[in-house]
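For the first sequence, the positions run 1 to 737 when UniProt numbering is used.
A portion of the hints provided could be inaccurate.
To be verified - List time: in silico DSBU-like cross-link candidates among lysine-lysine, alpha-carbon distance up to 35 Å: (1) LYS232 <-> LYS448; (2) LYS583 <-> LYS454; (3) LYS424 <-> LYS448; (4) LYS448 <-> LYS431.
What the hints assert, rightly or not - Listed next, with one range per pair, are the computed distances between beta-carbon atoms: (5) LEU475 <-> PRO650: 27 to 33 Å; (6) ASP370 <-> LYS284: 47 to 53 Å; (7) SER326 <-> CYS427: 35 to 41 Å; (8) LYS583 <-> GLY322: 44 to 50 Å; (9) GLU455 <-> MET321: 37 to 43 Å.
Source of the hints: derived by calculation from the structure; they are not laboratory data.
It should be emphasised that the depicted structure is a prediction, and the values quoted were computed from it without experimental measurement.
Glycine included, each C-beta is placed from N, C-alpha and C at the ideal position.
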Amino acid sequence: MEQSLGSDSGPADKSRVLNVKPLRCLVPIFPSPPNFSPFSPGQSAPFVCANPSGPFPSGFAPFYPFFSPTDSQRPPEQNSQTPFGVHNQPGPFGFNNPIPGAVPITSFRTPPPPPPPGVAANGDTGPSRRNYQTHTTGIQSQSQSEEADDNEYSETPNQNAQYLSSFSMHVTDAERTSKAQRSKSKSQKRGRKGQEVNFSSPEVDVELIISNILNSCNLMAFDTFRRADGDKESVGYILMVYDLLRRRITQIEDGKEATPGVTRRPDLRSGTILMNKGIRTNIKKRIGLVPGVEVGDIFFFRMEMCLVGLHAPCMAGIDYMGLKISLEEEPVAVSIVSSGGYEDNVEDGDVLIYSGQGGNIYRKDKQIIDQKLERGNLALEKSLHRGNEVRVIRGLRDVVNPTGKVYVYDGLYKIQESWVEKGKAGCNVFKYKLVRLPGQPEAFITWKSIQQWKEGLSSRAGVILPDLTSGAENLPVSLVNDVDDEKGPAYFTYFPSLRYSKPVNLTEPSFSCNCQGGCLPGNSNCSCIKKNGGYIPYNVAGVLVNNKSLIYECGPCCSCPINCRNRISQAGLKVRLEVFKTKDKGWGLRSWDPIRAGAFICEYAGEVINDCKVEELGSESEDDYIFDATRTYQPLGVLPGDSNKAHQVPFPLIISAKNVGNVARFMNHSCSPNVFWQPVLRESNSESYLHIAFFAIRHIPPMTELTYDYGITQSGKADERKKRCLCGSLKCRGHFY
DNA sequence: AAGGCTCAGGGGTAT
DNA sequence: ACCCCTGAGCCTTGA
Numbered sequence: 001m002e003q004s005l006g007s008d009s010g011p012a013d014k015s016r017v018l019n020v021k022p023l024r025c026l027v028p029i030f031p032s033p034p035n036f037s038p039f040s041p042g043q044s045a046p047f048v049c050a051n052p053s054g055p056f057p058s059g060f061a062p063f064y065p066f067f068s069p070t071d072s073q074r075p076p077e078q079n080s081q082t083p084f085g086v087h088n089q090p091g092p093f094g095f096n097n098p099i100p101g102a103v104p105i106t107s108f109r110t111p112p113p114p115p116p117p118g119v120a121a122n123g124d125t126g127p128s129r130r131n132y133q134t135h136t137t138g139i140q141s142q143s144q145s146e147e148a149d150d151n152e153y154s155e156t157p158n159q160n161a162q163y164l165s166s167f168s169m170h171v172t173d174a175e176r177t178s179k180a181q182r183s184k185s186k187s188q189k190r191g192r193k194g195q196e197v198n199f200s201s202p203e204v205d206v207e208l209i210i211s212n213i214l215n216s217c218n219l220m221a222f223d224t225f226r227r228a229d230g231d232k233e234s235v236g237y238i239l240m241v242y243d244l245l246r247r248r249i250t251q252i253e254d255g256k257e258a259t260p261g262v263t264r265r266p267d268l269r270s271g272t273i274l275m276n277k278g279i280r281t282n283i284k285k286r287i288g289l290v291p292g293v294e295v296g297d298i299f300f301f302r303m304e305m306c307l308v309g310l311h312a313p314c315m316a317g318i319d320y321m322g323l324k325i326s327l328e329e330e331p332v333a334v335s336i337v338s339s340g341g342y343e344d345n346v347e348d349g350d351v352l353i354y355s356g357q358g359g360n361i362y363r364k365d366k367q368i369i370d371q372k373l374e375r376g377n378l379a380l381e382k383s384l385h386r387g388n389e390v391r392v393i394r395g396l397r398d399v400v401n402p403t404g405k406v407y408v409y410d411g412l413y414k415i416q417e418s419w420v421e422k423g424k425a426g427c428n429v430f431k432y433k434l435v436r437l438p439g440q441p442e443a444f445i446t447w448k449s450i451q452q453w454k455e456g457l458s459s460r461a462g463v464i465l466p467d468l469t470s471g472a473e474n475l476p477v478s479l480v481n482d483v484d485d486e487k488g489p490a491y492f493t494y495f496p497s498l499r500y501s502k503p504v505n506l507t508e509p510s511f512s513c514n515c516q517g518g519c520l521p522g523n524s525n526c527s528c529i530k531k532n533g534g535y536i537p538y539n540v541a542g543v544l545v546n547n548k549s550l551i552y553e554c555g556p557c558c559s560c561p562i563n564c565r566n567r568i569s570q571a572g573l574k575v576r577l578e579v580f581k582t583k584d585k586g587w588g589l590r591s592w593d594p595i596r597a598g599a600f601i602c603e604y605a606g607e608v609i610n611d612c613k614v615e616e617l618g619s620e621s622e623d624d625y626i627f628d629a630t631r632t633y634q635p636l637g638v639l640p641g642d643s644n645k646a647h648q649v650p651f652p653l654i655i656s657a658k659n660v661g662n663v664a665r666f667m668n669h670s671c672s673p674n675v676f677w678q679p680v681l682r683e684s685n686s687e688s689y690l691h692i693a694f695f696a697i698r699h700i701p702p703m704t705e706l707t708y709d710y711g712i713t714q715s716g717k718a719d720e721r722k723k724r725c726l727c728g729s730l731k732c733r734g735h736f737y
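Input sequences plus hints: build the corresponding full structure.
What follows is the structure, given as structure tokens:
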């Protein structure tokens, strides 16, 4: 690839364009302090480096947005220092500290606190009627960290088995015979499961890991108030915890043999756990907008919409509620999901012809029958006459992961008319014409536009270059300005990876793996999997499973191919990106494709700066494009990880992307970022290459600017270099360095 | 691509 | 305290 990319001395690259500085040029760098010694783990690090989920260096207090003693007395706005609230506790379990003992699974199964007197739980019966799954108060152990996960095989099964709870996935055959029987056997099992069930150690691990994740998230902070009405913070938090759980369960299941007849549904399993724990919001159904969920928000599982109260049924397409009209109560529709199961007409972006439910394919005898005017169909009919708003969620095929779906919340519609027509099978089908209410942010329309740009049916307005990488990436990256006349960003050479002038030598040789066709989960012989604590850090979709302090990817001497699952950050771009001119922050980066939480976006490319050069730069002037892995990070507490540890940066990596770089150099700072970085180590026999990879913090809808927290240079050194922050976030710190 | 197989929330209903 | 309705998501099979 290198030959077409130009070099410092080579001819002008096609990607070299005009000199305009983006926002991120406001980053000074500083030399390492004297006596710097990154390889002395027992001592406190000479540089300050904090993971957003902690632990934190002195001077940075962790936030407890959902669980501070005075939380309930303060208005939500004042509790909003962080976007979401992971419980952050410096804790005793630092990187080299001993692993605490096993945590009883019951410790996270504390029942939700009773509603305060006089506050009815919205007429709801509580988190779930299946409360037999949530019981048994236990000790709340907060600081179970990743070490426990990484060493789960060292836990003794007997020690854990007695703590295991009844929502274990490995149901017996008897349990599967019928729902009634299943329920019964579950409740029976609860009292004596320690003796009754013969747990194999991997099963024990699942429970322990789930316990650790939930403990580290401080879920008890989800009080009745937050369950009743959501806000952006709690919705984001729920989705973050959900996805974290789901990915981790997927990872664990991945390494196991499939059991015939047992479907693996980590989505349902994590959803149930959170439902039972009461980690959900907007429990009460409502017509119209749902607090905390914005038009254009995207989801990748139906369960996600259940948990945040956007659409309660985990399967059915029509959600409805009883509405009191004088003495009578009648059903009205509150939300619908159109996802291709029926013959809906979705041609127009603002109009949806929606089919009623029922009469359909999932009957045992496969007989298709007439739909009836009952349940959801009746509710839609009533809503037509009442004229109430109905939320519309459009399900689409996921471009990046074609077997999956993306759900786009397209805002409020009203039902204009209804009729009955004969479906393809000749049976009656109800049809409802829904029209989108004007004045809402664009959502589904944007998706349609992007699809047309991709298919060449229409062209993106304001395109300066169709591919500013000149083919250096496997996907084009457009350069777009539909704001003003500027013709491009700073002059630079596009290069998709990191340039080391000299590798860092390892003190001990590193073993490469011998996985010919690519590393596979469950392969206990793979040395790269071992380095990562027994798991591949990515799932099958290439999504980062959790926030590790350091990821070990396969290196140059490993036998596996470039498409190995343990080489995600080396395999190039997965989403269609564009560099665009922002209104007031110079150039920025965003994606045409939706991005899942945890998905790899890009690495930070550029030239590695060695120490003496750092000093030059530091004393000279501020450099425009610097990535400094030794910076301090505000405790955002939002990482999709169950680790409370700081990034483990084996050496103080500093990258300059001023002359040579990739799309990452255009990512702006935000105090409420949607992207985070993660150190990734690729080792060969005696050499070590550290890279910086960017991953999505949460699901990111198309055309949303990608931002990360630039962090803060070492305290006391940068005061005079403060720059005014333009991120516009409610939680904006006002400046950055 | 098509078909098979479970799964869970919550409405509805019988007790 | 149950049944029932509702397909999503994943897996196997096979063209």
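Verification of the supplied hints:
no.: 1; hint: LYS232 <-> LYS448; result: holds (26 Å)
no.: 2; hint: LYS583 <-> LYS454; result: holds (25 Å)
no.: 3; hint: LYS424 <-> LYS448; result: holds (27 Å)
no.: 4; hint: LYS448 <-> LYS431; result: holds (23 Å)
no.: 5; hint: LEU475 <-> PRO650: 27 to 33 Å; result: holds (31 Å)
no.: 6; hint: ASP370 <-> LYS284: 47 to 53 Å; result: violated (34 Å)
no.: 7; hint: SER326 <-> CYS427: 35 to 41 Å; result: holds (36 Å)
no.: 8; hint: LYS583 <-> GLY322: 44 to 50 Å; result: holds (46 Å)
no.: 9; hint: GLU455 <-> MET321: 37 to 43 Å; result: holds (40 Å)
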